[in-house]
Structures are given as structure tokens and as C-alpha cells.
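With the hints as constraints, model all of the structure from the sequences given.
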Amino acid sequence: MKYIEPASLPEALEILSADDEARCLAGGATLVAMLNADLVEPSTLIGLRRIDELAGISVSGDHIRIGATTTHAQIAGDDRLTGNAAVVRDAARQIAHSAIRNMGTIGGAVCHADPNADFPGALVAANAVLEAAGQSGRRQIPADEFFLDYLETSLEEDEILSAVMVPVEPVGARGRHLKFSRTHGDYATISISLVLAINSGACSHARVAVGSAGPAPVHLAEVDALLTGSDLSGETIKQAGQKLMEAADPVDDVRGSAEYRRMIIPGLLQRAVDELR
Amino acid sequence: MTDKQAVTLSINGDPYEVLAAPRQTLLQVLREQLSLTGTKCACNNGVCGSCTVLADGLPMRACLMLAVAATDREITTIEGLEADGELHPVQQAIIDHQGLQCGFCTPGMVIAAKALLDSNPNPTLNEIREELSGNLCRCTGYVKIADAVLSLAGAERGQN
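In order, the protein sequence lines correspond to chains A and B. Residue numbers for the first sequence, in this note's numbering: 110 to 386. Residue numbers for the second sequence, in this note's numbering: 2 to 161.
No lab work stands behind these hints: they were computed from the structure. This one's a predicted model, so the numbers in the text were calculated from it and none came from an experiment. Some hints here could point you the wrong way.
As the list claims (entries may be wrong) - Pairwise CB distance ranges (calculated):
(1) A:Gln351 / B:Asp97: 54 to 60 Å
(2) A:His293 / B:Cys103: 20 to 26 Å
(3) B:Cys103 / A:Ala330: 39 to 45 Å
(4) A:Glu278 / B:Gly104: 49 to 55 Å
(5) A:Ala146 / B:Pro122: 35 to 41 Å
(6) B:Gly104 / A:Val363: 28 to 34 Å
(7) B:Tyr17 / A:Gly186: 29 to 35 Å
(8) B:Asp97 / A:Ala146: 36 to 42 Å
(9) A:Ala330 / B:Thr9: 37 to 43 Å
(10) B:Thr38 / A:Ser152: 28 to 34 Å
(11) A:Glu150 / B:Asp57: 27 to 33 Å
Note that CB positions come from ideal geometry on N, CA and C, so glycine has one too.
Written as C-alpha cells, this is what we have:
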């Protein structure tokens, strides 16, 4: 295995497209663990840490741009991530433990696409757009269309995720990522990512996604529509929770049975709404 | 072919030149090439915290960092905490509170506690418990470790 640290994104893309077995390395929190366990054997590792344009957070116009190699700790500590983007920050601060948050990056996490992780649901709830860079240019992929299946995304093999763009709108919105887990720092048994805007008692914007509930975040436009315009009464939340529960397709594993995971959803949704109201 | 490459690491303030294969972790290089065996290997998966080191002052897992990607970073291991023959206050507090039994988790625990106190000199018991929750100990039940760290906080405080 070779290790290369290109200084620019075009250079990294050139190496990646020339070698089917090359893999990109960001923080290492997942990929190095997989190397240690002999689960992957890339021919070349492309270290992304010298590529300045992939690093850091910037606010420009209607969105907040989070570079792919921005760490979870940097996201958790950035108070510009408010309003709609607060759900992403809230997810970041609940990922694993600080030693992992100091290493792991948002790009690495979303490209790994573990449906039990915290970012996928939060990015769907925030209506984020993922920017994929390829040799022929860049394309934008809505979070809803990015997470396809367990560990599978719509990123092409010769593309590199360059940034996550989180819309600033709706300005008055607030976000919460509520995680139900066995113990501090564990993956969620179920997580709810919720963005809400409330104007004079009525909900003017709602977007909710459920994590650890199937191969990709569970997001239903009809649930968002049910909540939007409503007074967020207990009855409405119950209906919304019921629909999400029916759409969920979780697995049975050490973190809970599929049935147990489903049953948590309505109550956790209610709790998330209560915290944002 | 192993594709070993020359790597310059800065550890506890000293430069080290090593030949490392790309897939060798910082943890392997520390232990196997530099004989800095205070940093322990248990899960080799980022979960247990026994390999925690500081990189540019921040706690990170040495088992998840490739040595080739650890250049240009100031690495601090447990061996680097002692100064002028004096143990670091966290080390002394762990001894004073009997916060160890087998001692295997202790280096990682000390590094994590030092990182916490560096960023938050007056943590609450809950903050200590939360921060150290990424370091597993199979012996102590954690109470004495948390007590040791709390003794270094400005004053003993309640749960919140």
C-alpha cells in the first residue's frame, strides 16, 4: 500500500481516478480501524489533510459550507451553526467521545454512510446538500438522495466529497438531534433529527429524519407536511410518530431489537418537539 | 513490497526519524520502534481509549492515526508528562486516590484527564465522567479515577 498526500483537490482526483483500489483518508476514525481489522486493503491511500479547500467552515450567502475534512469537534464548537444548521452541530457533539471527535471528519463520516451514525439523519433534517468533486466538475447531491443503503452512497468511485452545504433558511428555525443510546458515546439505538420553526404558536417549518431506523435515514415528506401548519398537538405528533414507525426498517442487533427501536420513535419525536417548543 | 517511507515524528518535544509502512499506526511505531510502551494497545479499534495520546494538545487515538499522517503534529505520550522527575499532577492524584488496579487503562486515562483539565480547569464531576467515558477501565469501577481528577478541579462541586 502506498500513501500519498496531494496538495490540491485536482491532484487527489487524478490519483483516485487512475486507481480503482485507491481510497481517500481523512481523519482515520473509521478507515484506519478497518485497516487494523483487515477489512479493507487499498492499493493507495490518498491523505486529504493537506488540501486546504476541504478544511473548515465558512458562511456564504444562503448556506454554511462545511469542508469535508472538518472534524466533528470543530463542528460541535462552531457557534455559527445556529437555526437550521443547529441540528448538525447538535449531532456532531454527540458523536462518540472527544478523542474521536478530534479525529473524525464530516466527510469521512458521511462517505462511510453508517445509518447508525449521527450525521446522516441530521443532514437530511437540515436539508443539506453534499458537494461531490470529480475531474469533470462538481455536482450537488441533496442529503435525501446521498444515503442509499448500508455503507452505500450515491458518490461515484472517482469522486471526492468536497463539502457539506447547510442552508441558512429557514432563519427562525431551531434544530435538535436527540439520541437514544445504551450508554454515552455509543451509536444510537434510535435518533431523531428535527428542525422546527414556530410562528405565533403554529409550526411554519418542520423536517424530521430518523436514524438507526433502516439502511438510510427515514424521512417522509408527508410527516413534514403533517407537522407544518399544525399546532404540534400531542395527537399530531403521535400520528407523525406512527407514520415514521411504520416506515422504519431497523435491524435486530446488540443495541436493540427492531421492534424495540420502532417503539422508541414516537416518544423520542415528542421529546424532540417539546425541547424545541 | 512494503513501501516503507521515512517519517519524521515529533514526540514529547523530540524529533524521531523512523521508517514506517503506510499502514503502520502511530501506536505501533510508538511501541514497537520507539519503545514508548506507556501507550497501550487493547481494542485497536478506537473504542477503549487505552492508546490515547495528545496531538497538538488534543486527545486522539494513536491506533487510528497512521504514522505517515502523524507528521507535522506535536505528539505527547504518557512518557512526556513527567517534568524534572516530578510526576504530572494527574499522575500523582491517581496514585493518591488509588485510582488504578492493573494500570493498563491508566496512561490513556491520565492523558484524557490532562486534556480535560487543560481545556476546562474546573470541571464538574459530571463533566469528568462524560470526558472519561471514552476510556474503559475493567478494574476500578471509575469512582476513584473520577475522584482523583475532581481533586484537581478548583473546588469540589456537585453533580451539575
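Here is what the structure says about each hint:
1. The beta-carbon spacing between Gln351 of chain A and Asp97 of chain B, approximately 56 Å, falls within the hinted interval of 54 to 60 Å.
2. For the pair His293 of chain A and Cys103 of chain B, the supplied restraint of 20 to 26 Å holds, since their beta-carbon distance comes to about 23 Å.
3. Checked against the given bound of 39 to 45 Å, the beta carbons of Cys103 of chain B and Ala330 of chain A, roughly 54 Å apart, lie outside it.
4. Checking the proposed 49 to 55 Å range against Glu278 of chain A and Gly104 of chain B shows it holds: the Cβ atoms sit about 54 Å from each other.
5. Look at Ala146 of chain A against Pro122 of chain B: about 38 Å separates their beta carbons, and that is inside 35 to 41 Å.
6. For the hinted restraint 28 to 34 Å between Gly104 of chain B and Val363 of chain A, the CB-CB distance of approximately 29 Å keeps it satisfied.
7. The hinted window of 29 to 35 Å between Tyr17 of chain B and Gly186 of chain A holds, with their beta carbons roughly 31 Å apart.
8. The hinted range of 36 to 42 Å is satisfied by Asp97 of chain B and Ala146 of chain A, whose Cβ atoms lie roughly 39 Å apart.
9. Checked against the given bound of 37 to 43 Å, the beta carbons of Ala330 of chain A and Thr9 of chain B, roughly 54 Å apart, lie outside it.
10. At roughly 32 Å, the beta-carbon separation of Thr38 of chain B and Ser152 of chain A lies within the given 28 to 34 Å, and the hint holds.
11. In this structure the hint that Glu150 of chain A and Asp57 of chain B lie 27 to 33 Å apart at CB holds, the actual value being about 30 Å.
When each numbered hint is compared with the structure, violations occur for hints 3 and 9.
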